[in-house]
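Asks: On the provided structure of chain A, position chain B as indicated by the hints.
2 protein chains.
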Amino acid sequence: MPSELDRSTRLVSTGDLTFDTEVSDAWGISGIPNGGYLLALGATALGQVLSHADPLTVTAHFARPSRPGPGQIVCEVIKAGRTQSMGVARLLQDGKERFRVTGTFTDLSALRGPSNEAPGKPPPIPPIERCQAAVAAPPGSTFGDRVELRFVPGTTHFATGERGDMVLGGWIRLADGREPDPLSLLLLADAWPPPALNGVDERVWVPTLELTVHVRRRPSPGWVRAWFRTRYLIDGTLEEDGELWDARGNLVALSRQMARVSTA
Amino acid sequence: MPSELDRSTRLVSTGDLTFDTEVSDAWGISGIPNGGYLLALGATALGQVLSHADPLTVTAHFARPSRPGPGQIVCEVIKAGRTQSMGVARLLQDGKERFRVTGTFTDLSALRGPSNEAPGKPPPIPPIERCQAAVAAPPGSTFGDRVELRFVPGTTHFATGERGDMVLGGWIRLADGREPDPLSLLLLADAWPPPALNGVDERVWVPTLELTVHVRRRPSPGWVRAWFRTRYLIDGTLEEDGELWDARGNLVALSRQMARVSTA
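Protein sequence lines correspond, in order, to chains A and B. Here the working numbering is used: the first residue of the first sequence is 1, the next is one more, and so on. Here the working numbering is used: the first residue of the second sequence is 1, the next is one more, and so on.
FYI, nobody ran anything at the bench for these hints, they're computed from the structure. Cβ atoms here follow ideal geometry from the backbone N, Cα and C, with glycine treated the same way. Some hints here could point you the wrong way.
Said to hold, decoys possible - Heads up, incomplete: computed chain B residues facing chain A, CB under 8 Å, no partners named:
1) Asp-54
2) Thr-59
3) Leu-92
4) Gln-93
5) Asp-94
6) Glu-97
7) Asp-107
8) Arg-256
Stated by the list, open to error - DSSO-like mimics (lysine-lysine), calculated; alpha carbons at most 30 Å apart, straight line:
9) A:Lys-121 <-> B:Lys-121
10) B:Lys-121 <-> A:Lys-96
11) B:Lys-96 <-> B:Lys-79
12) A:Lys-96 <-> A:Lys-79
13) A:Lys-79 <-> B:Lys-79
14) B:Lys-96 <-> A:Lys-79
15) B:Lys-96 <-> A:Lys-96
Only chain A is shown next, with the shape it has when bound in the complex (with noise of 0.2 Å):
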């Protein structure tokens, strides 16, 4: 049986370029699908129509809040590369456009070159077992269902209406046991709660404007370390930074996106 995400990802080819899909609801809150599960759907039909099948370095632009629901996504190829392939991909639903991700893509066992990694090793996340279970997800998400979080003890300062430090990391996976791939991590990095929720004294909303990953790596099976960071919040505007490793111990995938923290 084919996994959630994978189900969520489904499309139906309707010409060189096009797909039908439909946008799923496993994956939101409220009604707004999640924009880490959005760019590993527009990286879907990228992988599909570009000569080369991993993201390597993926940006997803939000313009309209998608819909769960039909939708048509347009690609378009901008180079067919020998080691690269770059292409865009729209997702359309009542003939408005919801969010493109614009994104270069090859062969991740195929690089090769100099490595140097300074920091050499993951941040400083205790063993699963000492690490706490989910907190209470927001309400109106289905989102929480679909992974499993485990949050470094004494992080969460938001779940108890405090301020602390806008950092938030732990363990993640997807709940129906489907393991890490270059495209699952597009959704794991948008898939941990907001660490600028420690850093309001609201309850506030962070949608996402811009979302980039860059894949580094494909991860080995298991659980995936994520640490998350936001360090400047300006008049409303953060960026937040991510890192994902895998179970051996690897760096897999960096994020940043910009959101907007929101009250409505």
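Replies: Using the frame of chain A, we list chain B on its own:
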């Protein structure tokens, strides 16, 4: 007299969404224009067709090397919102797309919301009079004459053939006295020697695949403090993270690019 950067981003409108331009040879190495300059060129076009003038988050995907000389910029408006607008600018030369900029624009002065700047102060860069004047520009560089750089002492290991931390920082300004603004920050985000040069043994070339800049504030006049770091060079692929701070000590931009080390 207009500044060199303003001359190098001059556009002649040829339609609602199209411009003729002349890609400058003033910001390149061995005839290849710099990615930050090209990002500024694309963003200049977007600022003219969108309803907001300031880049907030802009991403350039570089498909093929651009060439000094004539080109056409073709724009598309994705969204014209009240507080943000979104669009794409593509450079065509000889009928081929060289790069595209996808961006969300806003009015930086009109942003409102909570602030929380955790680090709150610039990276450890000594006063400018204690920093070092520019190292020798690489052969074929026209860039070196257009920007003034002052390096943190003891960090430019690459210049003497040594290895060291993949961190480089200091002070930067445009040599002709043009003061920083949101557009020039896009150039400054890619105007520093790559810190990855400190982490490899050979003389290498580090072409950018994708460059994203978040402009967070309108910069004050004067020198800009710059801090660039590569943490993960993996099989020849690297991320380069940048911070730009203005003369008043405020963070004004964050950048991240993905690049590939090349010995060619």
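Asks: Please check whether B:Arg-256 passes as an interface residue: C-beta within 8 Å of a C-beta belonging to chain A.
Replies: 6 Å, holds
Asks: Should the interface hint for B:Asp-54 be scored as holding, given a Cβ-Cβ cut-off of 8 Å against chain A?
Replies: It is violated, given that the least Cβ distance between B:Asp-54 and chain A is near 12 Å, above 8 Å.
Asks: Would the hint on B:Glu-97 stand, with a C-beta cut-off of 8 Å toward chain A?
Replies: It holds, given that the least Cβ distance between B:Glu-97 and chain A is near 6 Å, below 8 Å.
Asks: Going by Cβ atoms only, is B:Asp-107 closer than 8 Å to chain A?
Replies: Cβ of B:Asp-107 sits 11 Å from chain A, so the hint is violated.
Asks: Check the hint pairing A:Lys-96 with A:Lys-79 against an upper bound of 30 Å on the C-alpha distance.
Replies: Holds. A:Lys-96 to A:Lys-79 sits at ~25 Å (cutoff 30 Å).
Asks: Does the interface hint hold: is B:Leu-92 within less than 8 Å of chain A, judged Cβ to Cβ?
Replies: 11 Å, violated
Asks: Should the interface hint for B:Thr-59 be scored as holding, given a Cβ-Cβ cut-off of 8 Å against chain A?
Replies: 5 Å, holds
Asks: Sort out whether A:Lys-96 lies within 30 Å of B:Lys-96, counting only the CA atoms.
Replies: 28 Å, holds
Asks: For the pair we were handed, B:Lys-121 and A:Lys-96, check the Cα-Cα distance against 30 Å.
Replies: Outside the cut-off at roughly 42 Å; violated.
Asks: Would you mind confirming whether the straight-line C-alpha gap from A:Lys-79 to B:Lys-79 stays at or under 30 Å?
Replies: The hint holds at about 25 Å.
Asks: Measure nothing beyond the straight line between the CA atoms of B:Lys-96 and B:Lys-79; if it is 30 Å or shorter, mark the hint as holding.
Replies: Distance of about 25 Å is within 30 Å: holds.
Asks: Take the shortest C-beta to C-beta distance between B:Gln-93 and chain A; is it under 8 Å?
Replies: Hint violated; B:Gln-93 Cβ to chain A Cβ min 14 Å, cut 8 Å.
The structure is inconsistent with the numbered hints 1, 3, 4, 5, 7 and 10, although it conforms to all the rest.
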